[in-house]
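Enquirer: Model the full assembly from the supplied sequences, consistent with the hints where possible.
Protein chains in written order, with our numbering: chain A, 13 to 148; chain B, 13 to 148; chain C, 13 to 148; chain D, 13 to 148.
Because the hints were derived from the structure by calculation, they are not lab data.
Computed from a predicted structure; not experimentally measured.
Hints are not guaranteed to be accurate.
Any copy, or any two copies together, can satisfy a pair, since identical chains are not distinguished.
[To be verified] Each computed DSSO-like pair below joins lysine-lysine, with the alpha-carbon atoms no more than 27 Å apart:
no. : residue 1 : residue 2
1   : Lys-57    : Lys-101
2   : Lys-57    : Lys-127
3   : Lys-127   : Lys-77
4   : Lys-130   : Lys-101
There are 4 protein chains.
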Amino acid sequence: MTGETRVRVRYAETDQMGVVYHANYLIWFEVGRVELIRQMGLDYKSMETEDGCSIAVVEANVRYKAPARYDDEVVVRTRIAEFRGSIIKFAYQVFRAGDELLLTEGFTSHLVVDKTMKRARMPERYAELFRRVMAE
Amino acid sequence: MTGETRVRVRYAETDQMGVVYHANYLIWFEVGRVELIRQMGLDYKSMETEDGCSIAVVEANVRYKAPARYDDEVVVRTRIAEFRGSIIKFAYQVFRAGDELLLTEGFTSHLVVDKTMKRARMPERYAELFRRVMAE
Amino acid sequence: MTGETRVRVRYAETDQMGVVYHANYLIWFEVGRVELIRQMGLDYKSMETEDGCSIAVVEANVRYKAPARYDDEVVVRTRIAEFRGSIIKFAYQVFRAGDELLLTEGFTSHLVVDKTMKRARMPERYAELFRRVMAE
Amino acid sequence: MTGETRVRVRYAETDQMGVVYHANYLIWFEVGRVELIRQMGLDYKSMETEDGCSIAVVEANVRYKAPARYDDEVVVRTRIAEFRGSIIKFAYQVFRAGDELLLTEGFTSHLVVDKTMKRARMPERYAELFRRVMAE
Chain A
13 MTGETRVRVR YAETDQMGVV YHANYLIWFE VGRVELIRQM GLDYKSMETE DGCSIAVVEA
73 NVRYKAPARY DDEVVVRTRI AEFRGSIIKF AYQVFRAGDE LLLTEGFTSH LVVDKTMKRA
133 RMPERYAELF RRVMAE
Chain B
13 MTGETRVRVR YAETDQMGVV YHANYLIWFE VGRVELIRQM GLDYKSMETE DGCSIAVVEA
73 NVRYKAPARY DDEVVVRTRI AEFRGSIIKF AYQVFRAGDE LLLTEGFTSH LVVDKTMKRA
133 RMPERYAELF RRVMAE
Chain C
13 MTGETRVRVR YAETDQMGVV YHANYLIWFE VGRVELIRQM GLDYKSMETE DGCSIAVVEA
73 NVRYKAPARY DDEVVVRTRI AEFRGSIIKF AYQVFRAGDE LLLTEGFTSH LVVDKTMKRA
133 RMPERYAELF RRVMAE
Chain D
13 MTGETRVRVR YAETDQMGVV YHANYLIWFE VGRVELIRQM GLDYKSMETE DGCSIAVVEA
73 NVRYKAPARY DDEVVVRTRI AEFRGSIIKF AYQVFRAGDE LLLTEGFTSH LVVDKTMKRA
133 RMPERYAELF RRVMAE
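Expert: Quick look at the structure:
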């Protein structure tokens, strides 16, 4: 299962090199991650507010292939690359809409934490779904 | 009393026009505001965490005179323009260091709120100091 | 004529008060402005690259009514409030989708500039359209 | 040779988890990189404007150890981990000032490019210095 979401490049996201500033891809990865979770039938917001279950980033990696530019529409494809215990790894690819040029790819690894930022187990009803989605 | 603080323009803060993206001045205003509060002998962080007293922005205004550019050092001058009840208004001027060119000026108005974002009175020991600083 | 566009609040846009950081509304205003221009049949990107015609912000104003929160969908409504010579003023309202709660309103004033950031006249084919849209 | 620079956490850099949003470390890495270059006696701004020589990011990696919080002062330590041909790799560590707690570490790899974003050789007077600094 791969989540797919679209982002239009904002002027604020460009830098003086005339391309998207590199840190913004981490923000788009997060947009992709949240939408994948939504497509799984979950709601990351409720996971945080109702279950006190956050997924804190422990590692992020981005490889830049080609620059996105102002007003480009880009597609973020997200999948769960790994899930065991309290570790989740998401993998991402960002494409330019239209010609499907690969712009960046990368991953983020997360630790399930509680409200005090301590390592925690993911509530079982979420965990089951994560395992199932990864197996698809 | 005027607080003064310096900011070096980051690459991330530029846009493809080759100048600082306009929303960033609000972030620098906030840097100036926090430093003025620190120069008053207070600590905005403790006001929030210990006293549950935040100052939520209710209005912001920026007038752009000249663009800041990458790697420029800029000076933010902040003063309290108004303080009554639970309303505080800060006024700002941002200059380019060196030639003192005025880049932007503006203000932000704030409402004192408690942890639930409800209007609140500022604790008297802070209020007294704000009144004194404004009178200087 | 009022342009309308939707934005989903990103985690990156929140701050530790648990609401959207106030500078982000200026970024959303820009998203609204660009989409209004697109709905007018123009393309701000081409205006910049092909005609060397940018609209630099000279003033921005935001009044905050209610906070947007993570994952909220918000609606940005944008209209041209003024257009004469090389000055354009856009007015904005940001609503929470669903219950139509007004979150912020504000305006930005712009000066038409050329590639060297000098005041310029807007190319007549754009100017005509701006006048027509404002009159609607 | 290790460059060292200090950054004060801005309110805008926090998120609703109450800690610094993870993408901001890439911005701080860039602050560290530019300051290291300055401490080498160079000026990244002139490299770009006078020599048309940019260093575009091709990979970025961050490992998150402990969260930075609002108003923390953090220290960014930067060194050149690799330099050959048109590839430069910088390594970073971000510490909390005071107790020297390690918050994040990571690297960014860069390709030297010209104004058209094409791979280029670094001008020899810069290259010599980069080699010397790396050998120290």
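Enquirer: Next step is simple, just say for each hint if it's right about the structure.
Expert: Consistency of the hints with the structure:
Within a single copy, Lys-57 and Lys-101 get their C-alpha atoms as close as 19 Å, which meets the 27 Å cut-off; across copies the closest is 34 Å, which misses it. With identical chains, the CA atoms of Lys-57 and Lys-127 are at most 27 Å apart both within one copy (13 Å) and between copies (20 Å). Taking the shortest alpha-carbon separations for Lys-127 and Lys-77, only the inter-copy value of 17 Å comes in at or below 27 Å, while the best intra-copy value is 37 Å. Taking identical chains as interchangeable, the C-alpha atoms of Lys-130 and Lys-101 lie at most 27 Å apart only when both belong to the same chain, with a minimum of 18 Å there against 33 Å between chains.
Consistency note: the structure conflicts with none of the earlier hints.
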